[in-house]
Amino acid sequence: MHGASVVIMILSRLRDFIIPIIIAFVIGSTGGGPGLFFMLALPILLVFSTIYSFLYWLTFRYQVKDQELHVKQGIIIKKERFIQRSRVQSFDMSAGIPQRIFSLVKVQIETAGGGGEPDVELIALRRSEANRLKKKLLAKPEPPTTEEGSDEEREHMVEAESEEDESFDVDEKIESSWELGFKRLLFAGMTSGGVGLVLSAVLALFSQIDVFLPEEFYESTIGLILSSTLTLLAITIFLIAVFAWLISIVITIFKYGQFTVVKRGNDLVISRGLLERKQLTLKIHRITTVRYVTGILRQPFGFTTLYVESKGGGSADEQQSTILVPLIRRKEAREVLEKFLPEFVCDREEALYPLPKRAMIRYMIRAVVPILIVTVPISIFVPFGAYGLLFILLGLYIGWLRYRNGGVQVDGKTLILQWRLFNLNRAVIPRKWIQAADVFQSPLQRWRKLSTYSVSILSSMSGKSFEIRDVEADRGEDLLAWYSREVETPDLHKKNDNNEKSPL
Amino acid sequence: MRDAPARRLSKKALPVWRIAGFFESLFYLIIPIGYGILTILFNWPLWILYVLILLWVGVTLLQSLLVPTIRWRRWRYEVYDEEIDLQYGVFIIRRTLIPMIRVQHVDTEQGPIYRHYNLAAVSISTAATVHQIPALTEEVASELRDQIAVLAQTADDDD
Chain X
1 MHGASVVIMI LSRLRDFIIP IIIAFVIGST GGGPGLFFML ALPILLVFST
51 IYSFLYWLTF RYQVKDQELH VKQGIIIKKE RFIQRSRVQS FDMSAGIPQR
101 IFSLVKVQIE TAGGGGEPDV ELIALRRSEA NRLKKKLLAK PEPPTTEEGS
151 DEEREHMVEA ESEEDESFDV DEKIESSWEL GFKRLLFAGM TSGGVGLVLS
201 AVLALFSQID VFLPEEFYES TIGLILSSTL TLLAITIFLI AVFAWLISIV
251 ITIFKYGQFT VVKRGNDLVI SRGLLERKQL TLKIHRITTV RYVTGILRQP
301 FGFTTLYVES KGGGSADEQQ STILVPLIRR KEAREVLEKF LPEFVCDREE
351 ALYPLPKRAM IRYMIRAVVP ILIVTVPISI FVPFGAYGLL FILLGLYIGW
401 LRYRNGGVQV DGKTLILQWR LFNLNRAVIP RKWIQAADVF QSPLQRWRKL
451 STYSVSILSS MSGKSFEIRD VEADRGEDLL AWYSREVETP DLHKKNDNNE
501 KSPL
Chain B
1001 MRDAPARRLS KKALPVWRIA GFFESLFYLI IPIGYGILTI LFNWPLWILY
1051 VLILLWVGVT LLQSLLVPTI RWRRWRYEVY DEEIDLQYGV FIIRRTLIPM
1101 IRVQHVDTEQ GPIYRHYNLA AVSISTAATV HQIPALTEEV ASELRDQIAV
1151 LAQTADDDD
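First to last, the sequence lines map onto chains X and B.
Counting from 1, position 101 in the first sequence corresponds to residue 101 in my numbering; the numbering is continuous, with no gaps.
If you want my numbering, it's the position in the second sequence, counting the first as 1, plus 1000.
Careful, some of the hints might be misleading.
Claimed, not checked - One side of the interface only, derived from the structure: several residues of chain B facing chain X at Cβ under 7 Å: (1) E1083; (2) F1091; (3) R1094; (4) I1098.
Unchecked claim - The following residues of chain X were derived to be distant from chain B, with all beta-carbon distances above 12 Å: (5) Y62; (6) E68; (7) G181; (8) F381.
The hints are simulated quantities; they were obtained by calculation from the structure and are not laboratory data.
Virtual Cβ for every residue (Gly too), placed ideally from N, Cα, C.
Using the sequences and the accompanying hints, generate a full structural model.
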């Protein structure tokens, strides 16, 4: 590896520690006297991470030989790892701030199986070296070595199509691409809904800030706050909220800046990030589900986000799903899918079967109960707590929305489920990716002739299931029969009369 | 509506589940015992202790008598050429379909209590999920395992 990796490791190690340090500082500062702790801990940390990083760099070796990637590492416990070229599932290049300083890239290589951590991580490589490695590992195998490649594939029984294309197509031309423009990016930030998270962080900071202010200032401010009117207080809160909002916009811009999706042969290459550039390669025939997620703030503007679930790939901060398109108009989404994933385009998408009327009350009760548990005691024991009961109305409304937005449809061999928690979700799942299907009924559901339908798919390394609650019991049966290979598929559209509508 | 699958679990499941249910309820005994100790230490009202004991007796009876019976009556399974059909659940009835082409492997498992009764459980794993058919007699379990393994191998993808 490049020698600069020592520096990069130290930097990224420190970055990992920065947040705990800040938290410790914020919490500790109220107790007083953390100074000594930091004076000692920081240099020790620095020295240790320097030694560790240097040794790590010294002992880390890799090479590609005979269709295999060979990695040697380990300071005390030596570890050697051989990875078959044909087993490599994803090859991601990214460049964090420390890497950018030296204009290097980080390479992460993953194979099937295994947990969250990448199988091989090369912290610092020259870009040209990384590209050469990529070519070596992912280029189509030369004629004499093909039989090995196809042999490996046999166990992926599920992937009936394009088996032979397991190797990456590095030299393939770009077929189509999509970019998130700056306007969209800005809008995505404005409606990201990350405000809540940032707001709580900002508030935590504000609550600690008094420690740093001189006492006189503190006293006079308290006096000011106490004597100030309610409007002033409201303005302050408003300003804090705006501040948090701006921060969340900036975060989004850094995270999704210069977002591009490129289709190259069998790969989708997603690149994003302004400071820290991330690149993710997804195999098209490994994508199991496309999900439209429409945030509450985005819905009025007709914007939605497209996620894909894929076997392999997916980063932790997106709950194992990968963002395909961060922000797009609902109408344009279809075009984009036609370009990138034609398999997931459905005609019946806008005509979902709604949930039966009698499900409404169940949805509303479910939404209100948690609110009742919190607000009722508060309204009894806290003065003015009764205002909290207003949240019950909000809960009822959310429950009603969830009922209204729930829907299900089948289009040939594809299942479409729509549900809402807070964001509106719509999943498009081809039958061949469904691993198992369930229908279940609680005693109350049995009484009301309703049931819950659920399907499991493979997402990243683990399973994921999508369910829709309180569908008509008959519909649940039909959906199960649709999935069955033993039973004749019922005519799911026989009752297509006036019942059909878009639950939006 | 499709009929419920036909095959049932072994009758010997009942004593096993009763024993398991009873041992599980021994675990809940912690609650009345814990409260009893606190009552002695802090002079807490005694009647709550009685209520807790009564509750515990109720739960124990439910767990070791009623629940196993319902569960056994509910549990049905059937293995077809193309899929496995399961129906189970005590209060919430669940119907699960697992297509043969999705089956990745089948195992039989046997704990000490199962071994004593010559029982075994069959676990069916897909890429995303694991399903278990509990309490089959050993012969049925190994037969089922082999049958599923063969069917899973020969199933073709029609999608």
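Cross-check of the supplied hints:
1. Below 7 Å, beta-carbon pairs count as interface contacts, and E1083/B has one with chain X at about 5 Å; its hint therefore holds.
2. Restraint check, F1091/B versus chain X: the minimum CB separation of about 6 Å is within 7 Å; hint holds.
3. Among the interface hints, the one on R1094/B holds; its C-beta lies about 4 Å from the nearest C-beta in chain X, closer than the 7 Å criterion.
4. For the restraint placing I1098/B at the interface with chain X, the shortest Cβ-Cβ distance is roughly 5 Å, inside the 7 Å limit, so the hint holds.
5. No Cβ of chain B approaches the Cβ of Y62/X within 12 Å, the least distance being about 30 Å, so the stated non-interface status holds.
6. Non-interface status of E68/X relative to chain B is upheld: no Cβ of that chain comes within 12 Å, the nearest being about 26 Å off.
7. With a closest Cβ-Cβ approach of about 37 Å to chain B, G181/X is found to remain outside the 12 Å limit, as its non-interface label requires.
8. Every CB of chain B is more than 12 Å from the CB of F381/X (nearest about 22 Å), matching its label as outside the interface.
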